[in-house]
Amino acid sequence: MTERCFAVEELAEVHELVAGDPRLQHLETCPRCRARLAEYRRFLAPGPAPADANLGDAERRLADALEREAGARPNAGATLRPATPGGLRALFGAPAWRPALGVAAALLLVSVIYLAVERPFGRGDRVILRGESHPGAKDGFELALPRPGQAGTLDLRWTPVAGADAYEVRIFDAGLTAVARLTPVSGTSVTLRHADLPPGIESHTSLIWRVAALRAGDEIALSSVGTLQAP
Amino acid sequence: MSPEPHEPTDEILLGRALKDRAGAEGRDAATALFARYRGRVYLWCFGYVRDHERALDLAQDALLLAWRSLDSFAGRARFSSWLFAIARNRCLSAMRPVSLLRDASAQLDDLIDPQPGPEERLEAQEDEDRLIALFVQTLEPQEQEAMFLRCVERLPVDEITRTLGVTAASGARGVLQTARRKLAAALARREDVEGRGA
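The listed protein sequences correspond, in order, to chains A and B. To convert, take the position in the first sequence, counting from 1, and add 742; that gives our numbering. To convert, take the position in the second sequence, counting from 1, and add 5; that gives our numbering.
Among these hints, one or two may not hold up.
Over the 12 Å line for every Cβ pair with chain B, so calculated as not near, a few chain A residues [what the hints assert, rightly or not]:
no., residue
1, Asp-763
2, Pro-773
3, Asn-796
4, Phe-883
5, Ala-886
6, Leu-887
7, Gly-891
8, Thr-895
9, Arg-899
10, Pro-902
11, Ser-928
Stretches of chain B that chain A covers, calculated by requiring three or more beta carbons in the stretch to come under 8 Å of a beta carbon on chain A [what the hints assert, rightly or not]:
no., segment
12, 43-51
13, 54-61
Simulated from the structure, these hints should not be mistaken for laboratory data. On a predicted model such as this, the values are computed, not experimentally measured, just so you know. Using N, Cα and C, we set each Cβ at its ideal position, and we do this for glycine too.
Bound-form chain A, shown alone:
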C-alpha cells in the first residue's frame, strides 16, 4: 500500500476512473479500498430489495420525514419519530449566517447538528434505536478543550462517568466519517498523536471528536461533541 487510502467521500470519483488511471493501482494492493468501493457500488445499485424489507413503506415514510423537515408540509402525517425542533434548522439555515461560516464554523455546525440528531433521536429520550442503549445510561458527559501536549501531540480530557471501566475516543472528519478510534482508554484522558490518525490527514486539519464510556465493552454513555485540530 504505497499510496494513501481513498476517503469514503472520494469513492464516487474512484468508481468512475477509467482503466489505466494510476490511482487504480492502489486498489490492487488495498483490501480496505476495494471493499469500500464494493460497498459504494452496492449502495448505488442495491438490486432487488430483500424479501423482508419494505421499500415502498420506507420510501413513503422517508419522503414524509423529509417533506416535514423541508417545511413543505408542517402537519404531515405520522413519520418515524418527531423531527428535531425547527428552531435549529431555522437558526442554522438562516441566510445571514452563511457568509460568516468559515471552515471551523462549518465544522462546529456539523458537530452541533450531529449532536442534535444523536440526542433527541438517538439517546436523549427513550425512543431509541433498538439494542443501542444501555439501561440506565447517562449521556452528555463533558469534554475539556484539547490542549497541546509534548512533541506536537494533543491532550484530550473529559469528565468521568460513573460505572465506566474504559472509554473509547472517536474522531471524525468534516464529513462525519470516522477516521480514528482510540480504545480502550482506561482513564479520562489520552494523548492524541499524529500517528494515531490515518494517512492523508494533515496537521491542523479540523476534526470532530466524542468519547464513549464503556462498561464490559458495552457503550453506556456518549459525551458531547467537540472539535480539535489534528496534531
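Given chain A, put chain B in place with the hints provided.
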C-alpha cells in the same frame, strides 16, 4: 438509478438547492435530489440491521443529517458518496459496539462458545492497519475484502455475499471460514515465532 439523460444531474439539483436554500425552488430541488437516494439509503441500512423499523430509523437519521448539513457540504465531494459516507457512518455507529446477542448474523454456536475466534483475537491484538497488512500477507483478494467487511465494517455475512457478488453456494460464509482458518494458522505461526524469540 442514474438520472435519465433529460433529468438534471445530482450536481445540478444540488446547485439549485444551495442557491435557493430557503425558497421553494431550492426546496424542490433538494427534495428531488433526496428522492433519488432515500430508497438506497434505506436498503443500505437494512443490509446492516435486517429489520425494517430499525433500518428506517437509521435511514431517517442519515437523510435528515444530510439535509441539514447541505450548506456545509458545498460540493466537497460528489453528493452520492457524501451521502453514502453519512449513511455508512450512521450504520457503523449503530453497530459498535456489537455484542453477539445484538448481531443478527450471529450463530447459536457463537453465543455459547466462550472462546474468542480469530476475528476477536485479531481485533484485540492488531490495529486496523496491521490487521489489513496481515490480510494481504495471508489471504486471497476476495478473502481479504470479506474479512475487512466483516471485522472492520461489521457487515452481516449475507450482505457481504451480495456486496462482493460471491456466487458459491455457501456464499461469503464459506469465504470467511476459509479466511479464518488461514488467519488462525498465521497467528499461531506468529505466536510461535514470537514465543521462541522471547
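Outcome of the hint check:
no. : hint    : verdict
1   : Asp-763 : 16 Å, holds
2   : Pro-773 : 3 Å, violated
3   : Asn-796 : 5 Å, violated
4   : Phe-883 : 17 Å, holds
5   : Ala-886 : 23 Å, holds
6   : Leu-887 : 22 Å, holds
7   : Gly-891 : 20 Å, holds
8   : Thr-895 : 18 Å, holds
9   : Arg-899 : 23 Å, holds
10  : Pro-902 : 20 Å, holds
11  : Ser-928 : 15 Å, holds
12  : 43-51   : holds (count 8)
13  : 54-61   : holds (count 7)
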